[in-house]
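Participant: Take a look at the letters that make up each chain.
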Amino acid sequence: MKLLKDIKNLLIGMRITGKHLGRHAITIQYPEERWEMPERSRGIVVLLSDKETGDLNCTGCLLCMKACPSAAIFIDAPRDPETKKRKLLTFTVDNALCCFCGLCEEACNFSAIKMATMYEFSEPEKEGFLWDMKKLQEVGLDVDYIDTRKKKPAKKVPKPATDSGTATDKIVPDTLDSDAKQTPPAPEPDKPKEDGE
Amino acid sequence: MAELRTEEFTVNMGPHHPSTHGVCRLILTLSGEKVIKIVPVIGYLHRALEKICENRTYAQCIPVMDRFEYVTAMSCEYLFSNAAEKLAEIEVPERAEYLRVIMLELNRIASHLIFYGVTAMDIGALTPFLYGLREREGIIDLFEMTCGQRLTYNYIRIGGVSKDIPPQFEPKCRETIKTIREKLNDYEGLLNENPIWLVRNKGIGVLPADLGIAYGVSGPVLRASGVKYDIRKDDPYSIYDRFDFEIPTRENGDCYDRYLLRLDEIKQSLNIVEQALDALPEGDIKAKVSPNFKPPAGEVYARVENSRGELGVYIQSDGGKKPLRVKMRGGSFNQLQVLPEIGTDCLVADLVAIFASLDIILPEVDR
Ligand code: SF4
Ligand code: SF4
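Chains as they are written, first to last, in the numbering used here: chain G, 1 to 197; chain S, 198 to 564.
Isolated chain G, as found in the complex (with noise of 0.2 Å):
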């Protein structure tokens, strides 16, 4: 009798495997067929230039620098003794470092750095993962994005239900002390000071 009713048991499981015999695949073909990443999908990270100059948004302002937790950002923007304006020099950003926490995104005010969708970013060399300026600027040029910079940073409207609804604060931690912080990788050239910060 027991025997019976496993035997029946079992061939409950192999119904309910049975029912997939002949349905679609679920898993798609990569790299042939790719998935469509989400809007808000944080990728790697890529600098954003103005629309209609083709300048990069970024006013150097370190903000992004001291948000992230993996001290991922080097910059170097001193500031001009006259004007007191800083000018930026070198942004570069270790993927390797990154832990694409997205928290650089939120702590600038300018529209100038965004996490892209993208994923396909895998280097033979550590040295590859060092992305600088220009191959930011690069990759971030056709990444759409919403320009707030016009507006007072502080009065920020809501953006549209689709888009991607940031909290409308931001936090926006205070600087990693240099005690906890580590030096950029050592084959860095330009390697961003420490100013006055």
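These are calculated hints, taken from the structure and not from any lab test. Everything numeric in this text was worked out from a predicted model, so none of it was measured. Ideal Cβ positions, reconstructed from N, Cα and C, are used throughout, including at glycine. Please note: incorrect hints may appear among the correct ones.
[Stated by the list, open to error] Derived CB-CB ranges, DEER-like:
{"id": "1", "chain 1": "S", "residue 1": "Asn449", "chain 2": "G", "residue 2": "Met14", "range": "25 to 31 Å"}
{"id": "2", "chain 1": "G", "residue 1": "His24", "chain 2": "S", "residue 2": "Arg244", "range": "40 to 46 Å"}
{"id": "3", "chain 1": "G", "residue 1": "Leu89", "chain 2": "S", "residue 2": "Asp431", "range": "56 to 62 Å"}
{"id": "4", "chain 1": "G", "residue 1": "Asp6", "chain 2": "S", "residue 2": "Glu538", "range": "28 to 34 Å"}
{"id": "5", "chain 1": "S", "residue 1": "Gln534", "chain 2": "G", "residue 2": "Ser122", "range": "35 to 41 Å"}
{"id": "6", "chain 1": "G", "residue 1": "Asp144", "chain 2": "S", "residue 2": "Glu291", "range": "31 to 37 Å"}
{"id": "7", "chain 1": "G", "residue 1": "Lys51", "chain 2": "S", "residue 2": "Asn489", "range": "30 to 36 Å"}
{"id": "8", "chain 1": "G", "residue 1": "Leu89", "chain 2": "S", "residue 2": "Arg347", "range": "32 to 38 Å"}
{"id": "9", "chain 1": "G", "residue 1": "His24", "chain 2": "S", "residue 2": "Arg347", "range": "20 to 26 Å"}
{"id": "10", "chain 1": "S", "residue 1": "Glu288", "chain 2": "G", "residue 2": "Leu89", "range": "32 to 38 Å"}
{"id": "11", "chain 1": "S", "residue 1": "His243", "chain 2": "G", "residue 2": "Asp6", "range": "41 to 47 Å"}
{"id": "12", "chain 1": "S", "residue 1": "Leu242", "chain 2": "G", "residue 2": "Arg34", "range": "28 to 34 Å"}
Model the placement of chain S with the ligands on the given structure of chain G, informed by the hints.
Facilitator: Then chain S with the ligands, alone, in the frame of chain G:
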């Protein structure tokens, strides 16, 4: 002819044994096929997460928390945010609390689905693994649509959540709930009465309730031994006291009961998500938190009911922008400690079943 004799035999199970879920090494002393001694060796995944947190500002700790227990990263984020909010006495907006509960419960379901698949695979049934992960995919898609990541969300923040849910979230979420409800029948049909599954699980690795309590075991493992203890009910956090749900328990405390209990919990969590979606209010998703968040000096312990038992964090603050001391408590550590007690005197194959049913995750043990 030389005299035949048997000898005890010491082998390493792990650190790269597929059924030790990560990198746990068990030094087994065997007599034939029988296990007579188990010594777990841990630390292979130690990343000094607590120390890392002490070198980060509070906001920067959240991405680190994701790595503490990556199968239910939402719980860890919630835990840390909750602790910081308690310290600084921040009031979280209604809508944010509802969103948090939705995410926490979805994450619990996702974790139990992984348990369902992985446990079955350890015991030798491959099909449930594919089914479990397929349904989990629906939940992960919801997370990705909301916060942009599939595993390390960085979604729950101090004072609220980082982004509001997109408009397509609610219909998709209800659809996922419906699918999982339907598929749960398939899951039960595949394993619950399966004779091989019964032989491998029933009466194996019995954990008596008093032993579990003595070792500080919590969560589903303890509830499967008949102890009705769930932090969501016993020490309600967030807005769990507003929802109508049961705490399922089982009596026998064996591998089979631990398995059944997790399926029961999935059903309860689905109910909670549904209730939260129905009652989701409009409003802010984040309280105003100063960019240079500095909680007052003091100490706090926060705890949540995770899919692997009590998850706790102790934060000591000196009033600075970084925590002075962070100490984590994960349920897996206690579950691993109890393994030598309930795993000795069984067969090696049963040890695999017991290890799987305890649902230990190693990053939580090793920190
Ligand atoms: S926060 Fe924005 S503007 Fe400031 S340095 Fe970073 S990218 Fe540039
Ligand atoms: S995503 Fe996170 S880790 Fe990566 S650069 Fe931005 S802040 Fe740093």
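Participant: So, for every hint listed, does it hold in this structure?
Facilitator: Taking the hints in turn, this is what the structure says about them:
no., hint, result
1, S:Asn449 - G:Met14: 25 to 31 Å, "holds, 28 Å"
2, G:His24 - S:Arg244: 40 to 46 Å, "holds, 41 Å"
3, G:Leu89 - S:Asp431: 56 to 62 Å, "holds, 57 Å"
4, G:Asp6 - S:Glu538: 28 to 34 Å, "holds, 32 Å"
5, S:Gln534 - G:Ser122: 35 to 41 Å, "holds, 40 Å"
6, G:Asp144 - S:Glu291: 31 to 37 Å, "holds, 33 Å"
7, G:Lys51 - S:Asn489: 30 to 36 Å, "holds, 33 Å"
8, G:Leu89 - S:Arg347: 32 to 38 Å, "holds, 36 Å"
9, G:His24 - S:Arg347: 20 to 26 Å, "holds, 23 Å"
10, S:Glu288 - G:Leu89: 32 to 38 Å, "violated, 43 Å"
11, S:His243 - G:Asp6: 41 to 47 Å, "holds, 46 Å"
12, S:Leu242 - G:Arg34: 28 to 34 Å, "holds, 32 Å"
Consistency with the previously given hints fails for number 10 only.
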